[in-house]
Amino acid sequence: MNGIRLHAVWKSFSRKSEIGHSKASSGKSEVLREVTLQLDEREIVSLLGRNGAGKTTLIRIISTLIEPDAGKVEVCGYDVKKQAHQVRRHVGVMLNAGEGGFQSRLSAITNLEYYAALYQVPIRQARIRIRDLLQEMGLAGREWDQCQSYSSGMRRRLALVRALLSDPPVLLLDEPTLGVDPWSTGEIHQMIRKLAEGGKTILITTNNVSEARGFDGRILTLENGTLTEQDREAILS
Amino acid sequence: MRVNLWIERSIIFFKRELKLKASYRMNLFISIVGGVSGLVVYGLLGNSAFGSVTTQAYNITLGAYLVSGVAFSPIIMGGLAMFSQHSSPSELEEVMVTPTGFRDYILTSSVFDILVTLGSSGFFFGTATLLLGLNYSFNIPLLALVTLLGLLCSIGLGFIGLGMRLIYKQSSLVSWVVFSLTGLVGNIIVPIQILPTILQSVSYVTPQYYFFTSLRVALGSESPPVGPLVGLFVVYAIVLLGAGVLVLDRGLRFIRRNGTHRWI
Numbered sequence: 035m036n037g038i039r040l041h042a043v044w045k046s047f048s049r050k051s052e053i054g055h056s057k058a059s060s061g062k063s064e065v066l067r068e069v070t071l072q073l074d075e076r077e078i079v080s081l082l083g084r085n086g087a088g089k090t091t092l093i094r095i096i097s098t099l100i101e102p103d104a105g106k107v108e109v110c111g112y113d114v115k116k117q118a119h120q121v122r123r124h125v126g127v128m129l130n131a132g133e134g135g136f137q138s139r140l141s142a143i144t145n146l147e148y149y150a151a152l153y154q155v156p157i158r159q160a161r162i163r164i165r166d167l168l169q170e171m172g173l174a175g176r177e178w179d180q181c182q183s184y185s186s187g188m189r190r191r192l193a194l195v196r197a198l199l200s201d202p203p204v205l206l207l208d209e210p211t212l213g214v215d216p217w218s219t220g221e222i223h224q225m226i227r228k229l230a231e232g233g234k235t236i237l238i239t240t241n242n243v244s245e246a247r248g249f250d251g252r253i254l255t256l257e258n259g260t261l262t263e264q265d266r267e268a269i270l271s
Numbered sequence: 075m076r077v078n079l080w081i082e083r084s085i086i087f088f089k090r091e092l093k094l095k096a097s098y099r100m101n102l103f104i105s106i107v108g109g110v111s112g113l114v115v116y117g118l119l120g121n122s123a124f125g126s127v128t129t130q131a132y133n134i135t136l137g138a139y140l141v142s143g144v145a146f147s148p149i150i151m152g153g154l155a156m157f158s159q160h161s162s163p164s165e166l167e168e169v170m171v172t173p174t175g176f177r178d179y180i181l182t183s184s185v186f187d188i189l190v191t192l193g194s195s196g197f198f199f200g201t202a203t204l205l206l207g208l209n210y211s212f213n214i215p216l217l218a219l220v221t222l223l224g225l226l227c228s229i230g231l232g233f234i235g236l237g238m239r240l241i242y243k244q245s246s247l248v249s250w251v252v253f254s255l256t257g258l259v260g261n262i263i264v265p266i267q268i269l270p271t272i273l274q275s276v277s278y279v280t281p282q283y284y285f286f287t288s289l290r291v292a293l294g295s296e297s298p299p300v301g302p303l304v305g306l307f308v309v310y311a312i313v314l315l316g317a318g319v320l321v322l323d324r325g326l327r328f329i330r331r332n333g334t335h336r337w338i
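Just so you know, the sequences run in chain order A and B.
Residues 35 to 271 in my numbering are what the first sequence spells out, letter by letter.
Residues 75 to 338 in my numbering are what the second sequence spells out, letter by letter.
Extracted from the complex, chain A is given alone in its bound form (with noise of 0.2 Å):
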């Protein structure tokens, strides 16, 4: 089965004070607490939540990046502690991260090239690849130019690129029009929903409720650590 599935999972952080401060405030911050959750093959969610509420978290235990404290995690079948390598060929993921490991002196094709040699996609494929996903996109034409004189928004889409080059049947976007401007925010959704009806199953985060409904779907809220399903019509209305 090509879905996600969590079953009470927990995850805390040490929190450590400045030298010279108080201990009092140090100690252990729970960020996910017993939550479980189910996506379906080919299914949408969106996943909606403060500033620190713990949906990175989320995507970066499905992703491997981090390991549950306790709970259950599969992708596509596959346990993310035991079969992390199996996750990895079986998902994509768009990281809400800085400069997204993106090298600014090179171009968009080499970068990307890098990136499937990492995912394992062999170079004739990746190239067809890359240069389709690009067209798609809307970077075709800039794609040997250096990276560095990209705008934000063509750097999200260059990002969405790196987590399709392996042709993923799972998806995770970390708050992907974070920074970005309006008119890219709308081209970044249009292509989310593409790859919605083209069947893959894709987990959003995102701290706003517009760019929630903006999807069709389930939308989650997680708050304190807990996973709540919403009403969508109460969401939308």
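Heads up, a few of these hints could be off.
[Claimed, not checked] Okay, derived cross-link-like pairs now, BS3-like style, lysine-lysine, Cα gap no bigger than 27 Å in a straight line:
1) A:115 / A:62
2) A:106 / A:116
3) A:62 / B:243
4) A:50 / B:243
Treat the hints as calculated values from the structure; they're not laboratory data.
The structure presented is a predicted model; accordingly, all values stated were derived computationally and were not measured.
Since the structure of chain A is already known, use the hints to place chain B on it.
Here is chain B on its own, set in the frame of chain A:
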């Protein structure tokens, strides 16, 4: 993973590094000028000395001793810088969500740097030797073996430095040991024969001692029995590489548990 995919990946990484380094042409110019002038300074300084302990120990002049030490030092000292440049916080996360293993990634990414290190060591050594008219006697098989073992040590040190960086977000202790302490006791530019006995004992626990001593033996004309020295160096390289793998794995487990992939 299939071999052809691995070869393809190595070529893509190599081309990427080449393009990236070529985009910083000024650095290349500075490195060449700085490297050659540094070696000439050491060589001239050494050549001005009358008699040296190095002539007795390795049958090479002090100038030849210094030039070989400085020219070949990046081979065993380069691991720390080589690996840290491929593990910037933003790149780390993006690489760790791909199916390519992290060690595999680091090593493949560093192939270009390793070749550049070998090439530049040879170039600087050859240039300084010609400019200063230094005399060496080359035991090529031994030189190749010592270079290989030096690279393995460098990779081990690089893994240790990277593992510690992932845990402590700094690798200053490893850098200090590699660059400062071993600068004195590693037989790089200070012949250990002139060190106090206690410091000579310390030098035997550094990989640099085995690398540079074996190197001077490979370059000296009257090689003393080299078997035990190289044998110890082989053991040292294997142990260091194993320790590096363990420390790096520990670092990776640490960030997966704590989520501290980013620190700047």
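Against the structure, the hints:
no., hint, result
1, A:115 / A:62, "holds (22 Å)"
2, A:106 / A:116, "holds (10 Å)"
3, A:62 / B:243, "holds (20 Å)"
4, A:50 / B:243, "holds (15 Å)"
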